[in-house]
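Since each chain sits alone in its own frame, please combine them into the complex, following the hints.
Each chain is listed here by its residues.
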Amino acid sequence: MIEELIVSGRMNPEIDPHLHAWPWYVPTDLFLAALVAGILIFSAFLTLHGKENEFPAAVKRAPLFAPFLLGIALLLLFLDLSHKLYFWQLYTNIRWESPMSWGSWTYLFITPLSVLWAAIHIQDVFPNLDLKFSWLKESIEWLKTYKKVLAGIIILLAITLGMYTGILLSAFNARPLWNSAILGPLFLTSGLTTATAVVLLLKPNEKEERRFIVLMLIFAGIQIFLLIHMIMGYLAGTQVHIEAARLLLGGEYTTSFWVFAFGFGLVLPVVLQLLKLNGSKIPVTVPAVLIIVGGLLLRLIIVEAGQASRWLY
Amino acid sequence: MRYAMAIDTKKCVGCSDCVVACQTENNVPIGYCRDWVIEATTGTYPDLSLEFRSERCNHCSNAPCVRCCPTEASHVVNGGIVLVDHNECIGCKACIESCPYDARFVHPEGYVDKCTFCIHRVEKGENPACVNVCPTKCMYFGDTDDSNSEISKILKKRKWKTLIPEAGTDPNIYYLI
Ligand code: SF4
Ligand code: SF4
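Protein chains in written order, with my numbering: chain R, -8 to 304; chain D, 677 to 853.
For reference, chain D alone in the conformation it holds in the complex (with noise of 0.2 Å):
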């Protein structure tokens, strides 16, 4: 099992409501955000693009957070999710150095905090929150490991991009361009 997220960026209109949902299901810290939206400009004018990308941990296949944690605090579960236990964890904050993608953050309490994928929530066969609030419909989340999943498909038939692959992370947010 491999859980992955695809999203699509042509229907992405940068609300912000995973955002909110992400902070109001998990009890992210005001002025805290385990999940956000970027805009990207791309080009040079008058020919420009832009694109928006709801952004988070990539719960990476080859995660270089987990190998740099000295006490396993950070660590992969079952489907590929990776997790951190909040008390093993020393915030030595090795692993905020180690992401590309700047996914992690000290919580006000101490332990680094990311995205759980809303294990909790997809343990009992539900989508995590973000997915589930999208007005747009625009993510799809699933096990790329079963062919017949709805994001297993979507993936075959659209054309996607994943975030700095040449970082050798092998990230599973998956864009949709």
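Chain R on its own, in the form it takes in the complex (with noise of 0.2 Å):
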């Protein structure tokens, strides 16, 4: 067996032991966009479907937080340029190769468009709500008019978000953990599965509980099934990619990525909602709670390991 040793004198931080030029900003802002992009695709989705009166939680409630979260993502992306004052240049150029241009064009758009999609929604679920002015009533009135509309542009941008936050990683070659096709669809399903949670916790009635804890069901099964598959694929890789997966089979990560972001916030509340279902009397936050939380995680480990992991030379 051929063994290498490298002692590198370069020392450059951030860099050095080893790359970590993003640091929880990253993630958090990954995580929040595909969770906004799944809670859109829900609201948007059963309003084509004419079904706004049966699922009030997801078409109504949950958009009402879009706006807001998106605007932490949009903070945390912010707070992460290191040439702050420049960033206006995002919005200079369009550039289709990079991930990073076409994932902040379509933060551009969708955020506004969340806040109307919120405005449409507002008095529905704050019937007391006064808007004070008549030209904002009006102007409520008129956008309703074309909800179908506005929901299939948001249905198409939301996956577009929810695809960015993988496809980001995953065109990064550099970085064998991240390499993998699998990571946009897997954090799609995830931003979907979080989605459902949200949903959980905004008091559905009982026919929207049990829809949505079947959903959170499904979305978690493919998401179980899409790690394992991805994690399969390294290993049926080159050399790097099975040194990559064994970050996580064995490596520093194994323990936070298995026991936290796979067991408990993934198995575990498939595993209470299973039970819910059989009429177990488990209150609904505990497993929305974890798969909240367990999605989070998700993000942060794949993103920390995505640095640690390199090509051997």
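Treat the hints as calculated values from the structure; they're not laboratory data. Virtual Cβ for every residue (Gly too), placed ideally from N, Cα, C. Please note that the accuracy of each hint is not assured.
[Claimed, not checked] Now the stretches of chain R that chain D is said to cover, found in silico as 3 or more residues with beta-carbon under 8 Å: (1) 7 to 19; (2) 75 to 83; (3) 164 to 175; (4) 278 to 291.
Take a look at the structure:
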């Protein structure tokens, strides 16, 4: 066996001893963006199918959080920039090859649309709310006439946003642990799973709760399948991908990934929801919170471990 | 025109003069470096071999750092030199993540920085500072598109390798072995 020992004279901060250019801001941003994507997809999809009144928590209540969550996500992205005063340069270029570029353009369009979408529903959630200005009331009424068109555009943009959170990472060939085409669908699915959890926390009616528990089980199941598939893909790949997978299979991130993100964040809530569907009196908040925390942990671990994975030379 | 560098690993003694020359020439802040020297010990005891390599940005012909940059701050100029425009860089660090050689870093002023092949000298017909200062004269800089250049000739004569060519970046620093 050939062994190589490398002693490097390079000592650049955040690069050595291993890359740490993206701290917690970026994974948290990716988590929030995918969560909002999930919330908007459910709300818009059910609207297109005329189910607004059957699913009030998903269609009307959850989207009220979307603009705030997107605002936090954007703030985190901004905080992560090290040359902040030049951030506007993002919007003087469109670069299709750069996921960072089309991601920021997606943010630019979906953020105001999420505000409009929330505005359409605010009076349904707070019937006593006095909007004060008549022009505001009229504009909202006018917007409502275009609800289905808006829903269609929002679905497309939300899918793009959810996929972007994974593709941003998977486009980096230099970080083997991120370099999997499964990461885009995985993060989108995780966004949908966490969105079902948010809906379950917003006091859905009995029928809605049952439906969203089933949806959570479906998306969590797909997520488990994709995760295992991704790791099997690495193990069937090149030496660098095998080394990358080892970070999660016996390496530094094994416990945090399998026990916390996978065990407590995915498998346990699935088991609890199955028990609940079979009549156990488990408060729905427990699996819902576990799923949300698990979604955040998944991003934190994948971003951190990805930066620790590298090409061997 | 295609600027490239060939570095003779048989002559390099790992003195790090190239690192200091770059820091002085380009005002690289203390604690940072645009080029660095590594010692790679390969093999299993007692059959070991030692290689010194002076490393820096490979000015890749297929540069992922340029592709992933959302603002075009990372760009390619004449001769294939990859540069960062400080006033266009927002510091998103996507390029840092994309470089398999970890050749980039965030300058204390916020923008991303890396080796420029000393373009300010090259434009005047001079060699990069690291090449000039090397006491063993182990570095060659020039145009590989010109078959009569010193670097083209040495690459024809000697065996060489590039670093992780399987990453698909098409690097332009050649190591003579
Ligand atoms: S070595 Fe890294 S920074 Fe330099 S051109 Fe290649 S990918 Fe870009
Ligand atoms: S940090 Fe600067 S040079 Fe690098 S990708 Fe972002 S904007 Fe481009």
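Taking the hints in turn, this is what the structure says about them:
1. 7 to 19: holds (count 4)
2. 75 to 83: holds (count 6)
3. 164 to 175: holds (count 3)
4. 278 to 291: violated (count 0)
Violation of the numbered hints given earlier is confined to hint 4; every other hint is satisfied by the structure.
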